[in-house]
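Mind docking chain B on chain A? Use the hints.
Those sequence lines, one after another, are chains A and B.
Everything in the first sequence is counted per my numbering, starting at 273 for the first residue and increasing by one.
Everything in the second sequence is counted per my numbering, starting at 273 for the first residue and increasing by one.
Simulated from the structure, these hints should not be mistaken for laboratory data.
There's no promise every hint is true.
Because identical chains share one entry, a pair is satisfied inside a single copy or across any pair of copies.
[Claimed, not checked] Cut-off 25 Å, straight-line C-alpha distance, at most; resulting in silico cross-link-like pairs (SDA-like, lysine to any residue):
#, residue 1, residue 2
1, Lys341, Arg295
2, Lys341, Glu305
3, Lys293, Gly359
4, Lys293, Ser342
5, Lys293, Ala328
6, Lys341, Val375
7, Lys341, Asp389
8, Lys293, Asp378
9, Lys341, Gly368
10, Lys341, Pro361
11, Lys341, Gly369
12, Lys341, Gly386
13, Lys293, Ala324
14, Lys293, Pro361
Just so you know, these numbers come straight off a predicted model, no measurement behind them.
Number of protein chains: 2
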Amino acid sequence: MSNINEVVVRYVAAWNERDAKRRRDLIASTWREDGIYRDAHRHGEGHDAIDAMIDAAQRQFPGYRVALKSGIEAHNGYARFSWAAGGTPDAPLYLGGTDFVVVADDGRLESVIGFVDAAAAAG
Amino acid sequence: MSNINEVVVRYVAAWNERDAKRRRDLIASTWREDGIYRDAHRHGEGHDAIDAMIDAAQRQFPGYRVALKSGIEAHNGYARFSWAAGGTPDAPLYLGGTDFVVVADDGRLESVIGFVDAAAAAG
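Okay, chain A solo, but in the shape it has when bound:
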């Protein structure tokens, strides 16, 4: 459980890391080599593809920072948590979602499947 919390914290940090080298290192310590991320709009399989996917998201949403907005619920190597980004003057579009993850035996992520909870323009 402690390890799951740590890998989720690294996962969120990877989405927020704008330094290319540090982001790539975070991805390698977060996902297994064949790990995947998939939501309705984005998909990456393996460290290179996940890195390119996050880089593209950062360019699409400059100034955004992802933050956990729930606890991390985990059992039997599975976990779910919710996140939010935006809703600020620099990042007005509010984005939120829930990710379901499968943790591999080595403690890194085997898969992250994301669902959108909210995406609405700020008033």
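Same frame as chain A, now just chain B:
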């Protein structure tokens, strides 16, 4: 998407079916032969084990009926939905959760991973 809705409806029906033969048939049409269900408390792998697991839950919670309490959100063969049971005079303990499912190529469930959203005694 239509097929995912149908398999989720069969899945909920399986939890509610008290007739042993009909429940077993629903399970076979809902899960792949090697399909799994797992939450923090229950686990079944394969039709026989899933059937025994649901039978035990029905005995533990007589009178309960599971109902969807959210839409079924799906993308790329993954789906999530929330359910509720109880909160009535016959079934006073309210139970609720969110299930995250992976749909196999044949349209049946490969895995269901459940998380508890609420479990509180009625007032």
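Worksheet entry | Index of numbered hints that the structure contradicts, given in increasing order | Going through the list in order, the structure violates hints 2, 3, 4, 14 and respects the others.
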